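Protein chains in written order, with the numbering used here: chain A, 1 to 255; chain B, 1 to 433.
Some hints here could point you the wrong way.
Quick look at which bits of chain A chain B covers, simulated, 3 or more residues with Cβ under 8 Å [what the hints assert, rightly or not]:
#1 52 to 65
#2 92 to 101
#3 110 to 117
Hints were generated in silico from the structure; no laboratory data involved. Keep in mind that this is a model prediction, so the values were computed, not measured. C-beta: ideal position from N, C-alpha, C; glycine also.
Letter by letter, the chains look like this.
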Amino acid sequence: MTAPILSARDVRKSYGRGANRFDALKAVSLDIREGESIAIVGKSGSGKSTLMHVLALLDQPTDGTVELAGTDTRALSGAALNRARNQTFGFVFQQFFLTPNASVLENVMLPLKIAGVGRAERRRRALESLEQLELGDKAKNKAVNLSGGQKQRTVIARALVNRPRVIFADEPTGNLDTATGAVVEDILFDLNREHGITLIIVTHDEELAERCDRRVHIRDGLIVDVIENPTATKSADAESASEPEAAATAAERAA
Amino acid sequence: MRPADLVGAAAGNTFRSKTRTILTILAIFVGAFTLTITNGLGTGINRYIDDTVAAMGADDVMTVTKVAENATDDSDGPREYDPDAIVSEREGPPGTTNVVAPIGPAELDDLAGIDGVVRVQPVKSVDVDSIAHEGGTEYEIGIGGFVSGMRLQLAAGEQPDAAASGYEVVIPDAYLDVLGFDDADAAIDEPVTLAVTDAERTRHELEATVVGVAEASLGTTSSAVPNEALNDALFAAQSTGLDASQRDIYSQATVWFDPASTADEITALQDRLDDAGYDSTTVAERLGAFKSVIDGIVLVLNAFAIIALLAASFGIVNTLLMSVQERTREIGLMKAMGMGSGKVFGLFSLEAVFIGFLGSAIGAGLGMVVGSAISSVLGGRLLADLPGLTLIAFDPVSIVVIIVLVMGVAFLAGTLPAVRAARADPVESLRYE
Ligand SMILES: Nc1ncnc2c1ncn2[C@@H]1O[C@H](COP(=O)(O)OP(=O)(O)O)[C@@H](O)[C@H]1O
Ligand SMILES: [Mg+2]
Numbered sequence: 001m002t003a004p005i006l007s008a009r010d011v012r013k014s015y016g017r018g019a020n021r022f023d024a025l026k027a028v029s030l031d032i033r034e035g036e037s038i039a040i041v042g043k044s045g046s047g048k049s050t051l052m053h054v055l056a057l058l059d060q061p062t063d064g065t066v067e068l069a070g071t072d073t074r075a076l077s078g079a080a081l082n083r084a085r086n087q088t089f090g091f092v093f094q095q096f097f098l099t100p101n102a103s104v105l106e107n108v109m110l111p112l113k114i115a116g117v118g119r120a121e122r123r124r125r126a127l128e129s130l131e132q133l134e135l136g137d138k139a140k141n142k143a144v145n146l147s148g149g150q151k152q153r154t155v156i157a158r159a160l161v162n163r164p165r166v167i168f169a170d171e172p173t174g175n176l177d178t179a180t181g182a183v184v185e186d187i188l189f190d191l192n193r194e195h196g197i198t199l200i201i202v203t204h205d206e207e208l209a210e211r212c213d214r215r216v217h218i219r220d221g222l223i224v225d226v227i228e229n230p231t232a233t234k235s236a237d238a239e240s241a242s243e244p245e246a247a248a249t250a251a252e253r254a255a
Numbered sequence: 001m002r003p004a005d006l007v008g009a010a011a012g013n014t015f016r017s018k019t020r021t022i023l024t025i026l027a028i029f030v031g032a033f034t035l036t037i038t039n040g041l042g043t044g045i046n047r048y049i050d051d052t053v054a055a056m057g058a059d060d061v062m063t064v065t066k067v068a069e070n071a072t073d074d075s076d077g078p079r080e081y082d083p084d085a086i087v088s089e090r091e092g093p094p095g096t097t098n099v100v101a102p103i104g105p106a107e108l109d110d111l112a113g114i115d116g117v118v119r120v121q122p123v124k125s126v127d128v129d130s131i132a133h134e135g136g137t138e139y140e141i142g143i144g145g146f147v148s149g150m151r152l153q154l155a156a157g158e159q160p161d162a163a164a165s166g167y168e169v170v171i172p173d174a175y176l177d178v179l180g181f182d183d184a185d186a187a188i189d190e191p192v193t194l195a196v197t198d199a200e201r202t203r204h205e206l207e208a209t210v211v212g213v214a215e216a217s218l219g220t221t222s223s224a225v226p227n228e229a230l231n232d233a234l235f236a237a238q239s240t241g242l243d244a245s246q247r248d249i250y251s252q253a254t255v256w257f258d259p260a261s262t263a264d265e266i267t268a269l270q271d272r273l274d275d276a277g278y279d280s281t282t283v284a285e286r287l288g289a290f291k292s293v294i295d296g297i298v299l300v301l302n303a304f305a306i307i308a309l310l311a312a313s314f315g316i317v318n319t320l321l322m323s324v325q326e327r328t329r330e331i332g333l334m335k336a337m338g339m340g341s342g343k344v345f346g347l348f349s350l351e352a353v354f355i356g357f358l359g360s361a362i363g364a365g366l367g368m369v370v371g372s373a374i375s376s377v378l379g380g381r382l383l384a385d386l387p388g389l390t391l392i393a394f395d396p397v398s399i400v401v402i403i404v405l406v407m408g409v410a411f412l413a414g415t416l417p418a419v420r421a422a423r424a425d426p427v428e429s430l431r432y433e
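This is chain A alone, in the form it adopts within the complex (with noise of 0.2 Å):
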């Protein structure tokens, strides 16, 4: 069977230093299969984001290793770390971080921008992308005049323009009302289903979780429960790659 596409090995990761120091991750081994959506779940405070940041490529951990593809991620430069985020990653935040005085446009190019494709090649595919979204029309609005659930689906497109194989999702839905939310989330895992991108949510929100393929439990830094959804949309695949043994461990070591 394949490497998977993302794998935390033993990860720590302490801030402070002596009689302040915090460790936000304490050991925490985790793999992720490419295709399959998963939820780290959590309270507020117990590591997710760490955890999220670590994985993607964002923040060194203090200890431990990140594998990107069966590559140890620590043997990379940081042009090779950038160019890894930029062409395998796509970021969805809580808050929306678009450019409110540019164009939803302009704001969707920019992942094109910083990888260097060319002016009209870098339109086309963020029209598409928008379109793929349905704010083809919002091309040339500003982006502080969009609603919630536009901007959020503009920050969509943003991810997906440099066709990622791995979205995060740190709380996608966190400041949506429930509805703009549910459309959001519904976007996110046809984006799992129909195109196998990789979908890393963090949430503390149990309903979304239950939508991904795997549920990953953190609390004070230690993943405490790892559970699959048999009843999630891609449960079939998920069963046949099924690699529970790093779940299994940290589950043990929590108990």
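Place chain B with the ligands on chain A using the hints.
Just chain B with the ligands now, with coordinates in the frame of chain A:
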């Protein structure tokens, strides 16, 4: 990120906070504007001096005087009287010897034998009484020396022909009216009469043809300039009645050297002349003192402009620091999306450079417009006596230098905020709750 996109993004970001950016640009504008004007002043005046150098004399000649036995510098205290010494009319920089020994045929031979001297000729200074046109009223006039290679600034006609045997003269334009000429062109080829009085108080009149009309300039304000033939004739007339030994005595000589000489070679020649007992002054030396005063003044003015620019550069630091502060999230996002720290640094320092460019380009542009306006207004009134002087002139090189300099200052000012942005930790800037 492609370089063109980086520049585009930086330029775009500049105007996100319009008021702040405009105020910063205004501060830089003041500095660049001042620098443009002060520099233009230096360019204008020095260009005028350079033009005048040509009118004052060719650049391959120097004026030579013989140092008197008892010559001392003014600073050495009172000088002993020497009945044979000639008090030179030549003016020089402070400290030069004013009392000179006479130059006779022996000294001329002596000079001609010095290595590097191509030709030597005594300066036959002539004192004419008056000039008149076709028996009209006589007017006092001075006679300026003319050496081949010298170029007068002419309103009409041509330079006196050093080689011509006929008597030619260039008259200053101030004499046109009184001599009865309608304009400069009307005077060309007209005869004028020059009168000299010799040692025995006999009056001699010589007729010469006007070949040119000179515009007044620093060099030759109100003198008529004869060609060599006329000057020799005037000198001969003036010397009538003197015995041979007195006639061939001059206070100065003109020495020609190789026009291709380097500054070092000229200095070496001057040293050799010095060793032989002669004082020499090149045209460049005569103007050098004046030029260095101008350069000094311009330097002081430029220093003020630079101080204004330095003050403005703190404005850039402040503007960009605020910008970095406001855009922490955006910077974090771009870094999360794979933008390298170098590019982030580039983005912010380019923004600084762009602000610098706008300020300096507008400043230099407006400086040139205002400077040209000022100098044309002054040229018509205050400085009307100095035709040919453009008080504030601009040369493209120094304008480009100013703009590049300001952009450089802006870049330096931008480094602090840009480093801060480049160092920003994406995780820190993306954190919320
Ligand atoms: N830079 C930091 N310095 C110190 N402590 C931090 C820092 N970042 C996060 N933490 C702490 O780490 C813990 C986990 O944070 P986080 O992963 O953001 O939690 P969650 O996303 O689950 O709410 C929290 O207790 C938080 O206070
Ligand atoms: Mg969080």
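Worksheet item: How about the stretch 52 to 65 of chain A: do at least three of its residues have a C-beta closer than 8 Å to a C-beta of chain B?
Response: holds (count 4)
Item to complete: Check whether three or more residues of the stretch 92 to 101 of chain A sit with their beta carbon closer than 8 Å to a beta carbon of chain B.
Response: holds (count 6)
Worksheet item: the stretch 110 to 117 of chain A covered by chain B? Criterion: 3 or more residues, Cβ-Cβ distance below 8 Å.
Response: holds (count 6)
Checked against the numbered hints above, the structure breaks none of them.
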